[in-house]
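Sequences and hints are given; from them, build the entire structure.
Line by line, the protein sequences give chains A and B.
Per our numbering, the very first residue in the first sequence carries number 1; after that it's consecutive.
Per our numbering, the very first residue in the second sequence carries number 1001; after that it's consecutive.
Don't read these hints as lab results, they were simulated from the structure.
Warning: the hint list may mix true and false statements.
Quick partial rundown of chain B residues pointing at chain A, CB under 7 Å, derived from the structure [to be verified]:
hint : residue
1    : Ala1045
2    : Gly1049
3    : Leu1051
4    : Asn1052
5    : Gly1055
6    : Pro1070
7    : Ala1071
8    : Val1073
9    : Val1081
10   : Pro1089
11   : Lys1101
12   : Gly1102
13   : Pro1123
14   : Gly1130
15   : Ser1131
16   : Thr1133
Which residues of chain B face chain A? A partial, calculated answer using Cβ under 8 Å [claimed, not checked]:
hint : residue
17   : Val1024
18   : Leu1054
19   : Ala1067
20   : Ser1069
21   : Ile1121
22   : Pro1124
23   : Val1125
24   : Thr1126
25   : Leu1128
26   : Pro1142
27   : Gly1145
28   : Gln1158
29   : Ile1160
30   : Ser1168
These stretches of chain A come out as covered by chain B in the derived footprint (C-beta under 8 Å, 3 or more residues) [as the list claims (entries may be wrong)]:
hint : region
31   : 40 to 49
32   : 62 to 73
Where is the CB? At the ideal position from N, CA and C, for every residue including glycine.
What follows is each chain in one-letter form.
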Amino acid sequence: MISIQEKVADCLVRAGSTFREDQKNAYRKAIADETNVQSCWVMQQVLDNAIVAEDRRSPLCDDTGIPHLFLEVGKKRSVTGELLGQIKEGVAMGLRQLPGRPMAIKGDDYARIDQSGGLDEDSGALAPSPILIKPVEEDVLRLTILMLGGGPAIRGITQRVFHKHSVDVVIEEIVNRAKEGVSKLGCSPCVLAVGIGRSQFEATSLMMEAMVYGDFSKQSDFEKRITEKVNEANIGPLGLGGKHSVLATFAKIGPQRASGVRIVALRPCCCFEPRRATIEL
Amino acid sequence: MQKEIELTTPLSEESISQLKVGDVVTITGNIYTGRDAVLPKIVKASQEGTLNDLGIDLQGSVIFHTAVSPAGVGPTSSNKVEIECTFEPLSKAGVKMHLGKGAISKETVKALSEQNAVFAIIPPVTALLGSQTVEREVIAFPELGMEAFNRLKVVKYQAIIAAAKGESIYD
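Okay, here's the thing in structure tokens:
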């Protein structure tokens, strides 16, 4: 019988090394549709890389990312401290198997900020982010692991929008923020992850959920409008120009505050993200 | 797809002078790696005349802006101050190709042109690059860990010329 730790480790390796079919198809479609030869070349390289990474079960990118965990819990299932411990052990095991880039910063608060304590050579020493738990109707205990890289973290932004009672205003602000982020990101084409909520925490949680459930082949009108407007900027893969700066937008709109403000979390995910995989425990 | 120009290191003056912005090239042979932490040290060693002591020959060389870790290699942004400021002195010391990603300044584009050197960008395709890397060796400053100065032996790394002859692909 496969242990929880082994299941989690395998899930993490898949997250860091595998494109999903909808992701591969999005690239194939963009390559077929792109007229900029250099941009086509970049996207073909990214797709070829994904095929090699899947075959070798090796990292898609040398920035293997920080593990972020999303746990769906059915009504009849329970989450124990023991289970959370096993998940954490599985993450460490997976990071060693991938292998993850050794990125755990050693030392006390100050040393971790200025990086004066050096790096731990053990890939598995990298702590995952706090786990996000979501109750679901299904009778399931399902873990999704997202591997989030540093470039999109630098370019991401969580900030208020004064909506003026207009969806157009909110979309326009997201598009403006996205254009700046995408142009500076470098590793594009992007996927835009968006969460809209009542606080910074809620908006970011919704953005995480958007990355967990997002599907390149299923785009809402809201998502399509953002993607199309950002692509009008002609930034293109690696900034080389072309129609495909953004391949898709994954958005989750939560409950909203009775006021003139909306909190928007936006992450311009890099050309490999959302790197994710799911396992039932 | 564009036709590829095959390059083998060390790169000759002639092979570089034929390159223009937008060309897709393949790179085969020994290349060096370095980024923020180590490149200023290589510049200093070059200016002090101690590169030979470190076992480094920059004539006709390629420097790939990457860390080298168990996860593999992949370009970091070449326009970080501590990397971009090394383009000119390293080109004067013999580097013919700086390999990374991101737009560089007009001043750097001009400096490269004056030394008959180029900047090429390489997508962050770590798995693909892993399959095209046959050897890796730490050459200098091992105390920097994954940011040490490394030599890689590579086969047909693909890149696109982003700055050459005073022109930039980002213009």
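Verification of the supplied hints:
The closest approach between the C-beta of B:Ala1045 and any C-beta of chain A is roughly 23 Å, which is over the 7 Å cut-off, so the hint fails. Interface hint at B:Gly1049: violated, since its Cβ lies 31 Å from the closest Cβ of chain A, which is beyond the 7 Å cut-off. The restraint placing B:Leu1051 at the interface with chain A is violated, with a minimum CB-CB distance near 26 Å, outside the 7 Å limit. Taking 7 Å as the C-beta cut-off, the interface hint given for B:Asn1052 is violated, the closest approach to chain A being about 30 Å.
The interface hint given for B:Gly1055 is violated, since its Cβ lies 24 Å from the closest Cβ of chain A, which is over the 7 Å cut-off. The interface hint given for B:Pro1070 holds, since its Cβ lies 4 Å from the closest Cβ of chain A, which is under the 7 Å cut-off. Given the 7 Å rule on beta carbons, the hint for B:Ala1071 holds: about 4 Å separates it from the nearest Cβ of chain A. Checking B:Val1073 against chain A by beta carbon gives a least distance of about 6 Å; that is within 7 Å, so the hint holds.
With its C-beta approaching chain A no nearer than about 15 Å, B:Val1081 sits outside the 7 Å limit, and its interface hint is violated. Restraint check, B:Pro1089 versus chain A: the minimum CB separation of about 24 Å is more than 7 Å; hint violated. For B:Lys1101, the interface hint holds, the least distance from its beta-carbon to any beta-carbon of chain A being 5 Å, beneath 7 Å. For B:Gly1102, the shortest C-beta to C-beta distance to chain A is roughly 5 Å, which falls under 7 Å, so the interface hint holds.
For B:Pro1123, the suggested interface contact is upheld, since its CB lies about 4 Å from the closest CB of chain A, less than 7 Å. Satisfaction of the interface hint for B:Gly1130 is found here, the shortest Cβ-Cβ separation to chain A being roughly 6 Å, below the 7 Å cut-off. The interface hint given for B:Ser1131 holds, since its Cβ lies 5 Å from the closest Cβ of chain A, which is under the 7 Å cut-off. Interface restraint check for B:Thr1133: the shortest CB-CB distance to chain A comes to about 12 Å, outside 7 Å, so the restraint is violated.
A hinted interface residue such as B:Val1024 counts as satisfied when its beta carbon comes closer than 8 Å to some beta carbon of chain A; here the least separation is about 6 Å, so the hint holds. Hint on B:Leu1054 is violated. Least Cβ distance to chain A is approximately 23 Å, over the 8 Å limit. A cut of 8 Å between beta carbons decides the hint on B:Ala1067: the least distance to chain A is about 7 Å, and the hint holds. Contact between B:Ser1069 and chain A, as hinted, is supported at the beta carbon level, the nearest pair being about 5 Å apart and thus within 8 Å.
Nearest Cβ of chain A to the Cβ of B:Ile1121: about 6 Å, under the 8 Å cut. The hint holds. Taking 8 Å as the C-beta contact cut-off toward chain A, the hint placing B:Pro1124 at the interface holds, the least distance being around 5 Å. Hint status for B:Val1125: holds, given a least beta-carbon distance of 4 Å to chain A, under 8 Å. The criterion of a C-beta within 8 Å of any C-beta in chain A is met by B:Thr1126, whose closest approach is roughly 5 Å, and the hint holds.
At its closest, the beta carbon of B:Leu1128 sits 4 Å from a beta carbon of chain A; the interface hint therefore holds under the 8 Å criterion. Checking B:Pro1142 against chain A: minimum C-beta separation of about 13 Å lies over 8 Å; hint violated. Because the beta carbon of B:Gly1145 sits about 6 Å from the nearest beta carbon in chain A, less than 8 Å, this interface hint is met. A hinted interface residue such as B:Gln1158 counts as satisfied when its beta carbon comes closer than 8 Å to some beta carbon of chain A; here the least separation is about 7 Å, so the hint holds.
The beta carbon of B:Ile1160 is positioned within 8 Å of a beta carbon in chain A (closest approach about 6 Å), and the interface hint is therefore held. Checking B:Ser1168 against chain A by beta carbon gives a least distance of about 11 Å; that is not within 8 Å, so the hint is violated. Residues of the region 40 to 49 of chain A with a Cβ under 8 Å from some Cβ of chain B number 8, which satisfies the need for three, so the listed coverage holds. With 3 residues having a Cβ less than 8 Å from any Cβ of chain B, the region 62 to 73 of chain A passes the three-residue criterion, so the hint holds.
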